[in-house]
Every structure is written in structure tokens, then in C-alpha cells.
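Just need the whole structure built from these sequences, with the hints factored in.
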Amino acid sequence: MSVEISELLKPFYQVFEDLYRFAKDAKTDGEKVAGYFCTYSPQELLHSAGYFPVRVIGGLGATPLADQWLQPFACSFAKSALQAGLSGDFSFLDLVMFSHTCDTMQNLAEIWRRRVSGLEVVIVSTPNLTEGDIPLNYLMKELERVKEELERISKVQITEDRLLKSIEVYERHRSNMKSLYALRRKNPSALNGEDMFAIVMSSFLMKKEAHNEMLENLIQSLKALPVKDVDKPKVLVGGSVCQVQGFIEAIESAGAFVCDDDLCMGSRSYVLPPIYDGNPTEILARMYLSRVPCPAFHKPGHDPASYLLDRVVSSGAKGVVFLQTKFCDPYAFNYPHLRRTLEKEGIRTLLIEVEQNQPVSEAFKTRISAFLETLQ
Amino acid sequence: MAQKVPIKTTAKMKELMGFYYMMAKAAESDPEQKIAWITSGGPVEILHAAGVIPVYPENVAAMSGTLKISDEICAVAEEQGFSRDLCSYARTDIGSVLSGKGPIMGMPSPKPDFLVCCNNICGTVTKWYEELQRIFNVPLIFIDAPFQYGVKDRPEAIDYMEAQLRRMIDQVSEIVGKRFDWDKFMDTLQLSDRAVKLWREIQDLLRHRPAPMNSFDTFIHLAPIVTLRGTQGCIEYYETLKAEMLERIEQGIGTLENEEYRLGWDNLAIWYKIKFLSERFSQHNAALVVSTYTRSFCYQAEDRDPSNPIRAMSADYLAGYINHGLDFRERELWQMVQDFSLDGIVMHSNRSCRAYSFGQYELARAMEEKYGVPVLLIEADQNDTRMWSDEQVGNRIDAFMERISAKKR
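Taken in order, these protein sequences are the chains called A and B.
The letter at position 7 of the first sequence is residue 7 when you use my numbering, and the numbering goes up by one with no holes.
The letter at position 126 of the second sequence is residue 126 when you use my numbering, and the numbering goes up by one with no holes.
One should not assume that every hint holds.
With a cut-off of at most 30 Å between alpha-carbon atoms, the simulated DSSO-like pairs for lysine-lysine come out as follows [what the hints assert, rightly or not]: (1) K101/B to K326/A; (2) K152/B to K141/A; (3) K14/B to K25/B.
Treat the hints as calculated values from the structure; they're not laboratory data.
These figures come from a predicted structure and were not determined experimentally.
Shown next, in the form of C-alpha cells:
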């Protein structure tokens with residue numbers, strides 16, 4: 001990799017030093033900061049109400065405070081986030097936004113609302129049906145309601161003009177991220193999985209304006225690189241949340257090349273069709289519903305397995321590593337179908353059950369190495 | 001302990017349910033008769049009006065649990081990659097489809113012509129029915145009932161439900177190839193309404209001391225309201241049961257000879273341990289007299305407008321206990337404590353059901369600290385026996401009852 005590109009990548013890695021450094025700095029400078037739980041939260045509304053939106057990510061380690069409120073069969077993402085909330089790690093946030101997804105998150109929102117003090121809680125009733133005019137109408141009304149709620153809390157009037165400007169920033173960002181994913185298809189050697197993960201994570205934690213600029217510079221330089229494939233076995237990583245930095249790194253240090261992902265902390269947040277015309281809330285509603293659905297959602301006509309197979313084939317991956325977060329029901333329900341479909345096409349798969357609050361284990365590395373041998 | 005006086009109507013239920021499953025099974029080989037699989041909280045009245053036989057995988061799974069055959073059936077699904085951490089009803093049902101084994105004379109449920117899934121009970125059914133759609137390759141009608149975080153249901157959510165139910169009517173009519181019979185639909189809604197009210201009245205009779213039956217009985221008598229809601233047979237059944245309960249009250253027949261303590265139950269039944277639990281609580285003269293679970297099948301929206309039946313239906317299908325946030329659940333629990341003069345609440349922390357179970361720790365704390373109501377949490381599973389220990393749970397029940405009796409003294 002050229003010196004120039006490694007220099008350009010460095011700032012994306014800054015987030016791993018302290019995930020919320022940018023948010024905390026902004027707060028110190030007198031800005032308002034909002035945490036959001038998943039990328040179905042309408043960040044554009046937060047942005048236009050004057051908040052700096054950052055994604056809620058839990059930390060590594062035991063979750064004794066969260067264990068008082070969540071049973072042992074709750075996923076580690078919910079637990080680690082609640083642990084951080086209860087220990088005051090998010091005291092720099094003015095507000096936290098939940099978007100309705102799965103059973104665990106819906107109840108986490110409720111426990112959080114009643115137990116984590118000192119910050120406003122806004123819950124978006126995102127429909128779980130994501131196709132057609134009926135949920136579209138519902139979501140448009142819901143976004144109007146959320147807009148009013150944010151106006152009341154922030155005392156900022158979200159004018160159409162303001163909101164359109166925020167949408168523009170976010171749309172530009174999605175389009176940059178999409179270009180980056182496309183570029184990796186064309187030129188696999190341009191960026192490895194670890195770099196991509198750093199870019200994705202920083203996208204949730206930095207200001208979109210700054211991230212856009214960084215992305216655009218990077219894309220420009222990457223485009224100038226000669227097209228070259230990699231000589232390592234290429235794998236795609238699938239799953240739901242993926243908040244542990246070490247997962248992708250460990251897969252690659254075992255000798256694989258993570259050429260693409262199908263993760264909610266990854267491509268599913270960014271691979272979307274371009275936005276539609278209409279009033280701002282309609283644009284947002286259409287955009288959120290047009291996404292490759294969160295596994296918790298039902299989108300008639302969408303088959304997660306054929307979608308995944310397409311990604312695998314077009315990215316040139318030889319195998320798929322499923323990072324199944326323990327107790328993540330929506331993804332666990334998809335898994336048998338995903339595996340069946342891929343294996344029918346001769347694509348090898350590996351299922352690893354992971355906890356989002358634990359570092360990479362030796363067993364993880366061993367299983368990856370064994371899997372890679374089967375790909376040779 | 002004196003011999004418990006058995007509930008006579010139980011025999012009638014076995015007959016009613018037996019007939020229903022025979023009829024459903026017979027319909028499997030009749031190409032004219034459509035069968036739909038539907039979730040327990042699904043808008044079944046539309047199916048009855050269209051002449052479709054509804055089949056409830058949850059009910060069939062619970063039957064497998066009661067017959068203690070669910071573990072081996074679940075294992076079949078697990079071999080196909082379904083995690084053991086997933087809902088045991090879903091694993092039981094999918095395993096039953098894959099293995100051809102089930103509780104209906106050893107057979108699985110009759111095959112569906114289409115599927116109806118409403119997520120007002122959980123998000124798990126969404127994923128479970130997607131898998132059923134892949135297995136059977138039949139249409140899936142999905143009704144998205146937004147979870148109500150607040151205490152008051154949002155009118156926009158009712159609008160959303162109504163639009164979906166109206167579309168469902170069109171979808172079902174298209175599948176059965178007949179014009180929708182609105183008159184029959186209105187009649188069905190009335191039948192359903194009457195059954196729901198009867199079911200509530202019957203459960204409310206358990207306010208009487210001594211309670212004429214207990215929650216373990218209501219778990220069993222739940223089957224008709226789930227599977228036959230909207231039919232005349234359902235009403236006749238509950239009228240008989242209600243009459244028997246009134247008679248028992250008049251004659252002073254209780255579920256226990258000496259009812260000293262009254263408890264509430266939260267979450268699904270532990271199907272394979274009903275007898276054990278019932279006996280253990282009886283030993284302490286404790287009767288379980290109410291449960292959020294069986295009451296879930298008689299929720300009606302607070303400000304429903306009976307003059308607009310489809311609107312009222314839309315509101316009702318949002319209105320269940322489990323489709324609400326913790327403020328609503330807390331209010332309901334406290335209301336139950338007062339109405340049924342409860343000495344404590346038993347919460348089944350159900351590994352299979354994240355929707356029902358997460359938040360219980362918070363509710364338990366609220367009950368204990370705000371209202372002074374003792375709460376026992378039992379970690380178990382509705383259908384999967386592999387986590388259960390008689391001894392452990394028994395000891396916890398004993399300790400809990402000691403605490404309650406000490407408090408009462």
C-alpha cells in the first residue's frame with residue numbers, strides 16, 4: 001500500500017483510541033450530542049435539530065449493572081450498551097434515540113427509559129413491514145411526530161430547508177460509502193477488511209461532514225491505484241451487529257482477506273438506492289424502507305439468501321464467515337436458509353457464535369484457520 | 001389434602017378440540033377447503049368469514065410440550081441449523097414440519113394453503129413464518145402491529161392496522177377465489193367479541209375466594225379462545241365453563257381445600273411442568289388465580305368504537321399486554337394485584353420469549369418496592385425441558401411461600 005493511502009486511512013482509525021472522542025470534544029465545545037441505537041434511527045432529523053448523532057456502541061467486559069435488568073439470555077450488544085448507559089459512560093449525551101427493531105431492543109428501550117437517568121429518550125416506531133404504501137404512510141406520520149418531539153426537546157425549529165440540508169449531507173455520505181463498497185469490488189487489493197471496518201465504525205462516530213471529506217480524498221486516491229486482485233482466500237463476513245474491532249482483524253491475520261460484509265454495522269447501513277423526490281419526511285421514509293432490511297424486519301419479495309449470494313458472487317468471496325451474535329434471534333432465524341442457499345452454490349460457510357462484549361478468543365482464531373484451509 | 005373436584009367442562013374441551021383437529025386434518029385432502037396457519041394474536045375473524053380453517057402452530061407446539069415430545073422434535077430443527085437459543089415453539093413447529101412428527105395422533109399440523117403472521121405477540125413469529133413460507137412455498141400475509149411504548153395506543157398505529165386488515169381481506173379473498181362475505185364477517189366479529197368477553201368474565205370469577213379454578217386450569221381452557229375465537233362452538237364452550245364456575249362458587253368448591261394465599265402468574269405456561277407446579281403451590285395452600293398470559297386473549301382496546309367494527313378490531317389487535325411497554329405492564333400487574341387480592345406474583349422468566357421476559361426484572365422491582373408485592377422469578381422455558389430442575393424450582397417456591405406466609409403473619 002502506498003504511503004499516501006496509509007496516511008489517508010490513519011484518521012479513520014482514531015476512533016478506536018476512544019470511540020466517543022469526537023462526540024466528547026463537541027460536547028465540550030458546547031454542542032449537543034445524540035446517541036442512536038441503530039441506523040434506522042432518522043439521524044437526519046437529529047442533525048437538523050442541531051445534534052451531533054453518534055451510534056451507541058457497547059464496550060468490552062463484564063456487564064454487572066446491566067445483568068440486574070436483563071436476563072442471561074439477552075444479547076451481548078444490548079447488555080454492553082445498557083452497562084455503558086448505567087455506568088454513566090454516556091453522560092456526554094443529551095439524548096438517546098431508539099428505533100424499533102427486535103424484541104430485545106424494544107424492551108431495552110423501555111428498561112433504558114426507566115433506568116438510565118439524565119438524558120432524553122426518543123423512540124421511533126419504525127414499521128417492521130418495509131414494503132408498500134401502507135408502512136410508508138405510517139412511517140411518514142411517525143417521522144413527523146418524531147420531528148415535533150425533537151423540536152420540543154431541542155427548541156430548534158426543523159424547517160424544511162434545514163432538514164433538506166441535513167438529508168443532503170447524509171445522502172452524500174451514503175453515496176460515498178456506496179462508492180467505496182463498489183470500488184472494493186473492482187479493485188479488491190485497494191482496501192482490506194480491517195481498513196473498511198475502521199471506515200465504517202468511524203462513519204458512525206464522526207461528523208458526517210468531516211467523514212465525507214475524508215472519504216472523498218480517500219476514494220480519489222484509491223481510484224488511481226492499479227487494479228489488482230489479492231492472493232489470499234477472500235471471505236465475506238455476515239451477521240447483525242459487529243462492534244468488536246478484533247473480529248475482522250483476527251480473520252485477516254489468520255490469512256484471509258475480508259473482501260465484503262453483510263453486517264448491520266457495515267454494508268446494510270449504506271447500500272441503498274438513491275433518494276427520491278418529495279417532501280423531506282417522505283424522502284426519509286422512502287429511503288429507510290428501501291434499505292436491505294434489518295433481519296428483524298419483513299420485506300415481502302426480499303430474499304436475504306439470494307441477496308447475500310449476489311454479494312458473495314460479485315465480491316469474489318470463496319467463503320462466508322457468519323458472526324452470529326449469541327441470542328440475536330433475527331439473524332439466527334435467517335442462518336439455516338442462508339447456509340443452505342450458499343452451500344447449494346458450492347460456497348463454504350463457517351458459523352461462529354460471538355459475544356459483542358468479549359475480545360477475540362483463541363478458539364475463534366483456530367476455527368478461522370481451519371476454515372481457511374478448506375478454502376485453499 | 002382432599003381430592004380436588006375435577007372440572008367437568010374439561011371433557012367437553014377435549015371433544016371440541018379433538019373435533020376441530022380432525023376437521024382440520026380432513027381438510028388437508030380437500031382441495032376446496034383452504035387452511036391457513038396463523039399466529040395466536042392474528043386477526044382470525046377474517047379467515048372464518050372467508051371459510052378458511054385456521055391452524056395455530058403455537059397451540060400445536062404447546063400440545064407437544066404438554067405431551068413431552070417437544071425436545072425430540074426441537075432436536076430435528078436444531079440439526080438443520082436452528083439455534084437452541086431460538087424460541088422453543090418455533091423449533092417445535094419447524095421440527096415437526098421437517099420430521100413429520102407431531103401431537104395430533106402422532107402427526108404434524110395439516111399443511112397450510114397460506115400463512116397469516118401478526119407480530120403483536122413478538123418479533124419471533126415474523127422470522128418463524130418467513131421460514132414456514134420458504135418450506136411450504138405459500139403466500140404469507142404479514143400484519144405489522146407496532147409495539148406501543150406508551151400507555152395510550154396511538155391513533156396512527158390503529159390507522160396502520162386498519163389499512164393492513166383491509167388489505168388482508170383482499171388478499172384472503174383472492175386466495176380463496178371468492179368475494180368477501182361482509183355479513184358473515186360482521187357476525188364473526190360479534191361471535192369473537194362475545195367469546196372474548198366470556199373468557200374475561202370466567203377469569204374474573206377467579207376473584208372469588210376460594211377461586212373456583214386456578215391459572216393452571218385456565219392454561220388448559222385457553223385452547224378454544226385461541227383456536228376457535230369467532231365460532232359458535234367457542235361461545236357454547238365458554239358458556240358451559242362459566243356456568244360450571246358459577247355453580248362451583250355457589251357450592252363453595254375451590255381449587256384448593258384451604259385457599260390461604262393467592263398468586264398471579266406472568267408469561268407463558270411451562271407446559272411440561274403444569275402438574276408439578278400446581279401440586280407444589282397447592283402444598284402451600286397457594287392458588288394461582290390470574291395470569292397475564294391467559295388474559296392476553298381477552299384484551300380489548302380502551303376507547304374502541306363498537307359502531308365501527310373493523311376500526312375496533314384494528315385497535316383490539318394492538319391492545320394486548322405483550323404489545324405494550326413497561327408502564328402499561330406495570331399498571332396491569334398492579335391492577336391484577338388489587339382485583340384478585342394477590343399475595344404475590346410468580347414470573348416465569350422464559351428463555352424462549354425475549355419479548356415477554358425482558359423487562360420482568362424491572363417490573364419485579366417495581367412490584368416489590370413500589371407496591372410491596374413479593375415476586376418470585378422462575379428461570380425456565382415454555383417447551384424446552386432441558387434447562388429444568390424440579391429440585392431447584394421446588395426449593396425456590398418453598399422459600400418464596402415462606403416469605404409470603406411470614407409477611408402475612
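_Restraint status (C-alpha distance of K152/B to K141/A at most 30 Å)_ = Measuring from Cα to Cα gives roughly 17 Å; hence the hint holds.
_With the threshold set at 30 Å, check whether the alpha-carbon distance from K14/B to K25/B stays at or below it._
Given pair K14/B, K25/B holds - Cα atoms ~16 Å apart, limit 30 Å.
*asked:* Hint check: K101/B vs K326/A, CA-CA at most 30 Å. Holds or violated?
replied: Judged against 30 Å, a Cα distance of about 29 Å means the pair holds.
Going down the numbered hints, you'll see the structure goes against none, and every one checks out.
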